[in-house]
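Keeping the supplied structure of chain W fixed, place chains D and S upon it in accordance with the hints.
Chains as they are written, first to last, in the numbering used here: chain W, 1 to 278; chain D, 1 to 218; chain S, 1 to 218.
Mixed in with the good hints there might be a few duds.
As the list claims (entries may be wrong) - No farther apart than 27 Å at their CA atoms in a straight line, the calculated lysine-lysine pairs in the DSS-like style are these:
1) K45/S x K29/S
2) K168/S x K49/W
3) K45/D x K29/D
4) K136/W x K168/S
5) K86/S x K49/W
6) K142/W x K86/S
7) K136/W x K86/S
If you are wondering where the hints come from, they were derived from the structure by calculation, not from laboratory data.
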Amino acid sequence: MGGVSEPFQPLLDFAAADVAAEDGDALIVDIDGYEGPLHVLLALARSQKVDLLQLSITRLAEQYLAFVHTARRARFSLAADYLVMAAWLAYLKSRLLLPKPARKGADEPPAEEVAAALAFRLAKLDAMRRAVEALKTRPQLKRDVFTRGDPDAIQITSTTRFDGDLYALIQAYVAQRRRDASRRYQPRAPEAYPLEDARRRLRGKLGEMKAWTTLTSVAPKRSPLDEEDRGPSRASYLASTLAAGLELVREGELEARQSEHFADLYLRACSLRLEAAE
Amino acid sequence: MSDPFETERRLEALLFAAAEPLSAADLAKRLPEGADIGAGLMALKSSYAGRGVSLVCVADRWRFQTAEDLAFLMTEEREESRRLSKAAQETLAIIAYHQPVTRADIESIRGVQASRGTIDVLLELGLVRLRGRRRTPGRPVTLGTTDTFLELYGLASLADLPGAQEMKALGLLSLDMPADFGVPNPVSDLAEDEDPLEPGDAPEFHQDFLGEDLPLED
Amino acid sequence: MSDPFETERRLEALLFAAAEPLSAADLAKRLPEGADIGAGLMALKSSYAGRGVSLVCVADRWRFQTAEDLAFLMTEEREESRRLSKAAQETLAIIAYHQPVTRADIESIRGVQASRGTIDVLLELGLVRLRGRRRTPGRPVTLGTTDTFLELYGLASLADLPGAQEMKALGLLSLDMPADFGVPNPVSDLAEDEDPLEPGDAPEFHQDFLGEDLPLED
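Isolated chain W, as found in the complex (with noise of 0.2 Å):
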């Protein structure tokens, strides 16, 4: 590792990758470990053994388009980045290794700097990654260090904070406009049963009804596997069936009677009728 990593290299454990980095198939293998052409390029770029910025781009090219090589040929599936990224490498190395052409190419940027740039890329995931590992060797709050266990202790707060959580607002927010949505799509539309059924149901039964028959008994029961909030209602049972009755009752099959307001309504079928249609 040259000059960027020597600063602060608090845990070296990097050894594992450049290992397998100079090992084509065990990073193969890892691939899982990897999450992108960046990191697969990183743990190459480390294999070299130079200070990232001094990095040969050539040869890092030429590493990963084994890699990318050696991975098609034992029929992982790469992601189209990586693909994207070794077609882009084998172009810039082309360009790196080719005399220069006498014109520039419109907007394209020497090739030389375009390899810095990469370098410098490398070098910036590398420092994160370094991080990474500076992180983990601090002593962690219940890990490695941890304040007063007392539960019971007298609590003093801090009162120069408030929590000012905005995500905690925001998804305060959203929970409240998920259940808005949901209340808003929620009340169904009573179902209402149908007088076209209630009809055909009425005229099916009018061989069962010679003798008066009061309205309720002739009117539909909710099922038991209704369920609570679905099916029409008792109600609509009772008024569509009482609507049907009416409709029957004007055409001449069927007779209603009531005795009083309120009182139970009967229906019989008429009886000429019947006669003929047996």
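Same frame as chain W, but now just chains D and S:
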């Protein structure tokens, strides 16, 4: 290992971090064999003599406690504004995003009646203010957030409240939200249908704001 | 009353009894006027040097904690903390060292799209917070670390992040990539055709929400 000072500092750490008083036997179990627990405890006790904290033995168990003569310092502090209740947090969130907002608006979104206490607490903490009145029948008082709110939540302006896009990026919005889900863009300027509170119009909070018959707009 | 030793023992008692780290201002409120808090804290810190318990400054506040080298003794007190994934650890480091930082910055440094469950885990754990918005087109939300983060790692301030000075000197913490930087960025390359928004969901915050017709009433 039986360096007496090392024994003393280990006892010190164990007693400090323990959730309850520890007996000499408890302590012995966690120290190397041969450590002189008794001597260590005595040494520790005298190290703390006269300090702000002392080591005491109650019912054969040892613990640290603050010096008796400093008890007057230990008045318990009420956890006042430290954390908002869930209801207050939720109400504040709605006021922040939907301001200017009336009590009826809040209730309509929350689906619960706004309790007297909740909005009161937010007003008292200075997180929420009375902004004006809406130009609708009943002229209900509108609420909004204050500068203190912005400060405490580290926001430069109301426009900095995270929007739906950010909520989604943070994984807070799941796919079961209705397609037309949007988050309003709150403003501190008066809304079109909002009048400022005129001088002398100090809404009598309980009457004006929590009155029962505030009409729902529309 | 400004006997330095008395100040020291009062500070000792208060910090010992405190449920959480206390700032110099918190302490000053509970001590007589004129007490030299700074000197008292320094004296107290050196009284505890080398002992089993030590006084440390975290997030600009003071607390007692057990000595670092005695971690091995504390098996009973240890809490199995939620282990962060590698990606989450790296993301946390990036946020800590580069803050204020946007999601796009993080993705650009890591070269991978931030998956769900990294940033939001850090937010849930209270290690990371939303800080504000960057004044660039799109006004992206910026992230930073919390006091909880400093307390967890025992850092007095962000300036104490290990290695930060060196990294800064080498320019490794700047968020500006060299001008003509052309490394394929899988994130932005993929982001265009990949995923992210439901049809009709415009990514522009202001467009999206300014005229949005989310009715308060209905």
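Hint check:
Using a Cα cut-off of 27 Å, the hinted pair K45/S and K29/S holds, with the two alpha carbons roughly 20 Å apart. Using a Cα cut-off of 27 Å, the hinted pair K168/S and K49/W holds, with the two alpha carbons roughly 23 Å apart. With a CA separation close to 20 Å, the supplied pair K45/D and K29/D stays within the 27 Å bound. Restraint check: the Cα-Cα separation between K136/W and K168/S comes to about 20 Å, which is no more than 27 Å; the hinted pair holds.
Between K86/S and K49/W, the direct Cα distance comes to roughly 23 Å. Compliance with the 27 Å bound is thereby established for this hinted pair. The suggested pairing of K142/W with K86/S holds, with an alpha-carbon distance near 20 Å, which does not exceed 27 Å. Using a Cα cut-off of 27 Å, the hinted pair K136/W and K86/S holds, with the two alpha carbons roughly 12 Å apart.
In the structure shown, no violation is registered for any of the earlier numbered hints.
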